[in-house]
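Using the sequences and the accompanying hints, generate a full structural model.
Here is how the chains run, residue by residue.
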Amino acid sequence: MSLISRNISKILFQPCQITAARCIHSNVPPQNAAKSESTEREGNRIKCTLIPGDGVGPELVASVQALFKASGVPVDFESYFFSEVNPTLSANLEDVASSIERNRVCLKGILASPDFGYLGELQTLNMKLRNALDLYANVVHVKSLPGVKRRHDNIDCVIIREQTEGEYSALEHESVKGVVECLKIVTAKKSQRIAKFAFDYATKNKRKKVTAVHKANIMKLGDGLFLRSCEEMAKLYPTIEFEKMIVDNCTMQMVSNPQQFDVMVTPNLYGNIVDNLASGLVGGAGVVAGASYSANCVVFEPGARHTFSEAVGKSVANPTAMMLCAAKLLNHVNLPLYGQMIRDAVNKVLSDGKVRTKDLGGQSSTQEYTFAVIANLKPPQPLKSKC
Amino acid sequence: MATRILFRRNKLMNIFSCRAQSTMSAFEIQHKTPLIKKTTPIPVALYGGRHAVTMLPGGGIGPELMSYVREVFKYAGAPVDFEVIDIDPSDESKQIEYAITSIKRNGVALKGNIETKSENTEVISRNVAIRNELDLYINVVHCKSFPGVPARQKDLDLMIIRQNTEGEYAMLEHESVDGVVESMKVVTETNSERVARYAFDFATRNGRKKVTTIHKANIMKLSDGLFLDTSRRIALEYPDIEHNDMIIDNCCMQLVSNPHQFDVMMMTNLYGSIVSNVACGLIGGAGLLSGRNYGDHYAIFEPGTRNTGTAIAGKNIANPIAMLSASVDMLEHLGHLQHANLIRGAMLKTISDDRIHTLDLGGTAKSTDVVQRVIDHILESDIRP
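In the order they appear, the protein sequences are chains B and D.
Note that full-length UniProt numbering numbers the first sequence so that position 366 is 366, with each residue one more than the last.
Note that full-length UniProt numbering numbers the second sequence so that position 313 is 313, with each residue one more than the last.
What the hints contain is simulated information worked out from the structure, not anything from laboratory work.
All the given hints hold, so there is nothing to weed out.
Just some of the chain D residues that point at chain B, by a computed CB distance under 8 Å:
no., residue
1, Pro43
2, Tyr47
3, Gly48
4, Gly49
5, Gly77
6, Arg105
Yeah, the Cβ is synthetic: ideal placement off N, Cα and C, and Gly gets one too.
Structure, rendered in structure tokens:
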């Protein structure tokens, strides 16, 4: 079944890519069409670092790879086993970081963080990777999926989270026995940077509103600095509405009236909480994609970070999140047609509702779901009308 | 003469101001360098290797040229996201303000020419407003011949560096007595020095041999004299680079008769406008060259001769090369050298080898034919990072 569908989609898709290249201006007759006959030339391929992660990560990554193979995506993976719970087999942080720096894109599963460190270190591997690459902005696009019935529909919000400082500074100490202090660091520079990121994101994606989530009524200096930086940045974007909301109110609004939110910008911990809350509203950790940005690299990873380690080997995990991550990745590296194709296929399978994994109330396995998506791969519609 | 002496006295202070701007406090910047615009640093719009860039299509052929740029960028895979801001020429200053804010946020812009329809003295030219507001004090036009393009002169390689914010474009005009209009030309030592320093630094960086200062100091002894004096003084700090000067009228004659004697040329605002148009004409017209405007914090890239081309808008005959090469300059400025080389190479092949020329170069090709061929070359040379 999978083999047939794979070949069909290949046949359907490849000629369309060629013609797509030829006819951007419909009034220009295609000249020497024979020249770019093959779509897969060596120099055209994109290299991407791959970190399967812990828990069900490897299974999810396998289904993305199957999907890429079936759709003929010109992406090569450079995979690294990277794990904190299995330190003996794990690749070096330096190797992984330099690979991501070189390739500039990475697809990553979730790394499990043990509750206590083996080495007595306070920084988790995730945090180390983020700090090494300065992946300061985490973007999670929470969007209601077709065919997934939940309490709310038409949710479409983007949560942008600062993830290199704040509560995740890994600076904790016991000054007197029985008294532990944990430092929350807020700097003007990083606050401005994340605020500008949020507004630039809103500008680029034609969003209307940015909401800053804070707790400046209690942490007047720390969160106050964050809030002031956002306010200052908002002045540079007169076309985008800016509002602020206290984090406790924000979570309540999120579960009662989530449609009011557009782009949200948050410090580290609040972002983590709001991410997970919003993901829960649209179908859970298995369906929400996210990305972490630095100035030069992007790491695409599921939006709500759960390893789902109890499902390892059972083939019940939902690969939707990872597939949507892959689609975003393709958009980012200038292969938007492939990205659109994958997203359309996923939407088709979800809205048909015949093949569903357990978390969405179905009985299908990860593999069956993947095959269903592959079977639904079609060249995107706008292309046809153009040609 | 008194003014000259006054300038000399301030010289030490001015040198200090140009050099050590980054290390000075806000108070010092405010009080010691009144000519340099104050800015608070804003983080650059670079996310995941993709730059955000403001795009101002402007009037006339601007919008169509911009659509070609986007098409070419799509096929070249250039990691740039454009924020397009259309400026309505009849609208008052609201949108231009927004455009300036957007450039401040992104740091870089690609721009067509914006029409200023109003002849009303209250309304200043929008192009000049943008340059002044962002303190883009340098304009650079690189006049390099394309082999295969019919032109008066072959193998030209001139660099025209122009003061961009003051001089004749100070926009200080008044009618003191009925029937007598005075227009002020403002030359300041600070700005002259910034231009001279840029010119000599540029020559050093790019292995150029000679810098020529273009002026009219025999008539305007104080204003152009100051510009000339400043360039001579800066030249002393660059002993490896030959420096000479030439009067603007002679320069124009030399340009059309023997342009190969020039290398890097620096001049005040109006002369720059004239000289860059002359030089463009020598190598094949307004459709080929790109111009770059630099300030301390921002950069704007545009076609080299600032014409809107309203007459040929919408006819698919405008030459897309000028805007494409402006976009390539922009990619170089942003550090995406691989993409820049890819597009530039494709452009050169189209113009020089395939000789796909639009009407202005004596060809018969449509704009879209040129763009299509450029895209074909890009697809053939298969580099994708």
